[in-house]
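There are 2 protein chains.
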Amino acid sequence: MLIYASQLNPTIGNLSHNTGKILNAIEKARLEKAEIVVFPESAISGYPPEDLLLYDDFIDQMQTELDKIIEASKDLFIVVGTIRRNKEKKGNPLFNSAAVIYDKKLLGYKDKSLLPTYDVFVEKRYFEPGADQKAFDFKGKKIGVLICEDVWSHSENVYKKYEKDPVEEMKKLKPDLLINIAASPYCYQKKDLRVEVFSKVSKILACPQVMCNQVGANDQLVFDGYSMYFNKEGSVVNVAKGFVEDHLLIDTEKEAPLFSYKVDPLQDLYSALILGVKDYFRKLHLSKALIGLSGGIDSALVLCIAVDALGPHNVLALNMPSRFSSVSSFEDANFLAANLRVELMDIPIDHMYQQYLDLLSPVFQGKSFDTTEENLQARIRGMILMAISNKLEYIVLSTGNKSEMAMGYVTLYGDMCGGLGVLNDVTKTLVYELAKWINRKKEIIPNNTIKKDPSAELKADQKDQDTLPPYSIVDKVIDGYVEDHLSYDEIVKKYKIDKILVKELIERIHKAEYKRRQGPPGIRVSKKAFSKGRFFPIVQAWIP
Amino acid sequence: MLIYASQLNPTIGNLSHNTGKILNAIEKARLEKAEIVVFPESAISGYPPEDLLLYDDFIDQMQTELDKIIEASKDLFIVVGTIRRNKEKKGNPLFNSAAVIYDKKLLGYKDKSLLPTYDVFVEKRYFEPGADQKAFDFKGKKIGVLICEDVWSHSENVYKKYEKDPVEEMKKLKPDLLINIAASPYCYQKKDLRVEVFSKVSKILACPQVMCNQVGANDQLVFDGYSMYFNKEGSVVNVAKGFVEDHLLIDTEKEAPLFSYKVDPLQDLYSALILGVKDYFRKLHLSKALIGLSGGIDSALVLCIAVDALGPHNVLALNMPSRFSSVSSFEDANFLAANLRVELMDIPIDHMYQQYLDLLSPVFQGKSFDTTEENLQARIRGMILMAISNKLEYIVLSTGNKSEMAMGYVTLYGDMCGGLGVLNDVTKTLVYELAKWINRKKEIIPNNTIKKDPSAELKADQKDQDTLPPYSIVDKVIDGYVEDHLSYDEIVKKYKIDKILVKELIERIHKAEYKRRQGPPGIRVSKKAFSKGRFFPIVQAWIP
Chain G
2 MLIYASQLNP TIGNLSHNTG KILNAIEKAR LEKAEIVVFP ESAISGYPPE DLLLYDDFID
62 QMQTELDKII EASKDLFIVV GTIRRNKEKK GNPLFNSAAV IYDKKLLGYK DKSLLPTYDV
122 FVEKRYFEPG ADQKAFDFKG KKIGVLICED VWSHSENVYK KYEKDPVEEM KKLKPDLLIN
182 IAASPYCYQK KDLRVEVFSK VSKILACPQV MCNQVGANDQ LVFDGYSMYF NKEGSVVNVA
242 KGFVEDHLLI DTEKEAPLFS YKVDPLQDLY SALILGVKDY FRKLHLSKAL IGLSGGIDSA
302 LVLCIAVDAL GPHNVLALNM PSRFSSVSSF EDANFLAANL RVELMDIPID HMYQQYLDLL
362 SPVFQGKSFD TTEENLQARI RGMILMAISN KLEYIVLSTG NKSEMAMGYV TLYGDMCGGL
422 GVLNDVTKTL VYELAKWINR KKEIIPNNTI KKDPSAELKA DQKDQDTLPP YSIVDKVIDG
482 YVEDHLSYDE IVKKYKIDKI LVKELIERIH KAEYKRRQGP PGIRVSKKAF SKGRFFPIVQ
542 AWIP
Chain E
2 MLIYASQLNP TIGNLSHNTG KILNAIEKAR LEKAEIVVFP ESAISGYPPE DLLLYDDFID
62 QMQTELDKII EASKDLFIVV GTIRRNKEKK GNPLFNSAAV IYDKKLLGYK DKSLLPTYDV
122 FVEKRYFEPG ADQKAFDFKG KKIGVLICED VWSHSENVYK KYEKDPVEEM KKLKPDLLIN
182 IAASPYCYQK KDLRVEVFSK VSKILACPQV MCNQVGANDQ LVFDGYSMYF NKEGSVVNVA
242 KGFVEDHLLI DTEKEAPLFS YKVDPLQDLY SALILGVKDY FRKLHLSKAL IGLSGGIDSA
302 LVLCIAVDAL GPHNVLALNM PSRFSSVSSF EDANFLAANL RVELMDIPID HMYQQYLDLL
362 SPVFQGKSFD TTEENLQARI RGMILMAISN KLEYIVLSTG NKSEMAMGYV TLYGDMCGGL
422 GVLNDVTKTL VYELAKWINR KKEIIPNNTI KKDPSAELKA DQKDQDTLPP YSIVDKVIDG
482 YVEDHLSYDE IVKKYKIDKI LVKELIERIH KAEYKRRQGP PGIRVSKKAF SKGRFFPIVQ
542 AWIP
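The listed protein sequences derive, respectively, from chains G and E.
Start counting the first sequence at 2; every next residue gets the next number (our numbering).
Start counting the second sequence at 2; every next residue gets the next number (our numbering).
Errors might be hidden in some of the hints.
Put simply, identical chains are the same to the list, so a pair is met inside one copy or across any two.
Think about it this way: if two alpha-carbon atoms lie no more than 27 Å apart in a straight line, the pair counts; the simulated DSS-like pairs of lysine-lysine are [said to hold, decoys possible]: (1) Lys201 - Lys143; (2) Lys90 - Lys201; (3) Lys125 - Lys162; (4) Lys88 - Lys494; (5) Lys142 - Lys233; (6) Lys91 - Lys125; (7) Lys90 - Lys528; (8) Lys90 - Lys172; (9) Lys165 - Lys142; (10) Lys69 - Lys504; (11) Lys437 - Lys162; (12) Lys204 - Lys460; (13) Lys125 - Lys528; (14) Lys29 - Lys242; (15) Lys528 - Lys143; (16) Lys204 - Lys91; (17) Lys392 - Lys368; (18) Lys437 - Lys528; (19) Lys242 - Lys34; (20) Lys22 - Lys34; (21) Lys90 - Lys165; (22) Lys201 - Lys91; (23) Lys464 - Lys497; (24) Lys191 - Lys91.
If you're looking for bench data, these hints aren't it; they were derived computationally from the structure.
Since the model is a prediction, treat every value here as computed from it, not as a measurement.
Please model the complete structure; the sequences and the hints are all you need to start from.
Next comes the structure, spelled out in structure tokens:
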């Protein structure tokens, strides 16, 4: 059998547009003489549609779009992700489903059985779990259909321990082929785990498996694509491209050579960030980005990402020196902008800063310099960025990294201004690794930017490490506490960090929650981002 | 039997402090000769503890605190809300439980069966549902225990249609008394519904019922208390106070007169907002609030709330006129501050505004006045508020209302600055009603503030209604679209608003999502707030 797995990039809520892409792909598949066409989970709505699902209009329109797909399915067997009503009077009102279609007829639905409700997922808010597993007859073969999480219970690498295991249930149906439609988001170094899980499923079912994944960035989540075909021994035979729309054309009868399959984790991370920026702009019909370029490493990295996502002509950099800015920072900013062929505008803020000091001096009488004055500078910069954004229709990209966000080493309404926090979920450690990776062939980011001690340059001779422990330590506590939810003792033991310091850092992470809550949305690339999939109270008193 | 229902105000995560309050109440109950002592749902942790539940340390410490309560229970029957581990290897790792204790022994746990996962609730993220209903023997009586949502499936006024109905299951156990421990958040005009639901439960079980509710504000949610005692006919016999810690002392043997029970919805709403502000400050060990007082109705209302929550000596008002501010606004601000005995500071921003215009004129050449210049003024005010906040340790209270937040008629990083958005969830219609309610006896808020057309005063002769339809229409679309999730046709039909206008307003609500995402947390007082319990994508294209 010839299978065409279409790895599409839907826009959330753009139902007719997404369906147009599906119809297009069906025609391409037809030209390729495919017999089976597969689309990702929630291909009609885009994933995750969130509370759009609470509107009847939205559900109705999905049904209308599905009818168009059924109409276009002459002679083809199609599996496409949609969302449909639960017509029972009890339980949640919707199913997260795969519509299974053949030759202009709906054969039936397979409803997702395991509904992830952890981390970034809240599926039990909307969906009722599907009760049964299903295999559909097509040309004498049994085609089993599962949806994303359905196969994860089976693995030992589970995120959640579920009551049921759809793979074991599917085994009883003895499928000849398994189709898994997915919307599985990227996170750093996750792909190996994914291969392991799917491979195990093919082995258990002793049948080949097509996993068709969504690609594209949708509101903080990046779907990496990398749709896969496994043979019945569980080996990877073919993999679609990562981070772009692509398709797999699979002949189940032909012995294909195994896919030699390697990925550079940093390249993937960089691609995820580019796609995060690109789709944010494209899907909102925006084009131009504005970045405050300080000469430091974070804004340098964001500039590289923005240029790769939008093109240099769509990016404007703004250097805004104050009395505390060094000459070398200015030079580094200029060097980088020139390297990337980005326009660099120069708006010194020192006069404005002095105006604020003068205006506030009656109120601040007798008080010495503190973070107030540092924040003033960051906020003047934020105001200028936002004014240019408003007047000239640029979107400000904010440049704070995950380590700074964790520590609260950022200024609310200052450097936190922006439509998208490109590095919100990238630790300082990874910022350095990415910068070096970008420079692997030639010096794009000035070596001086990478080598010098990090500094916010908001007061004289300031260094980040004046008030923070080394980022290598901060990032370990982020790993242990935020991403892995380790206990206090486990963190101390695993990373061999001083007990008191661990407690201080956890307390700082807690205390900065109020800032993060007002930060721009980020691009989720780690196991646990601050901006999506973490529900943490601001008003709370616990410390381990 | 004598029952002491202790309506406590826990702080999320302050486990030993909350337990201290519980132990204190136990001693008071003992002095009153109570035999049964009841505490709210999640009394040890405070509700909702959110992702603190993902830490083993947190769960362990709750167990330690529970042991202290068991130790203090000599001769008493105690029901207290806690969270405990699910020791099965499958399913979610925790139960949301009532620990049932007698005479220094743990009799057992009743685990919450219905786990709300909608609106502000995400219980299926953490908890496994309890399988069985339980009644505990005490002095020859059977005491049934349920937890909050457990009784809501039974009502016809359900939020969700559940598969099971714990009340029907409980009926088979024939309890002599039902204890319901709750953490039921306030929302405007909800209380009558609550009485209806609980009353029905008592009637069905034909037994009296104690509902012990949490009180206090915890991270956006306000719990109103109003714990209740119903007789077996389902009539309200006694009600604890709203919005303060209180207790009910109930003698189940005595015929008590029925409680004549009336509530002023506006008074309740005002109390909820006061408690929201008060607990935000108290629980974070803060005391002083700073408010930009424009002379408009929103900031006037916030000033009243802040004064009632924190006392006039803890509140500082700041008037920051620009060239577009009217004299009457200045007079109104002064009149109100004097009425409330609040210090009013005056910092004109016009010079600073001109500085920005000058600084940006080379970049803005040839462009005419637009929202950029309006935003500049709002952001200068935001910066001044934040600078004083930083230097003098005030928390800025932001004053935007729900209608403005819906329409995006607010400036990000400008008037949206603040630790708490006091009116985030109060429509302009309700802002007026509350202002008139405050003035019911004497003119506290200047009548001129209430009467004049609303204006942001960010350009010459500006009125809100230059760019917005009347707030009465905006607020209807908020009711229908945001709060009730009505379909487009239903909204048009129900409110008789022009079709095109409804669509425009819904589109404006969608488009302002990116601003709201970066707004301060609010105090949730409606059925559906923007800031809590609504998951809506920023990058999406749907319009009904």
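message = So, against the hints stated earlier in the document, which numbers end up violated here?
response = 11, 12, 15
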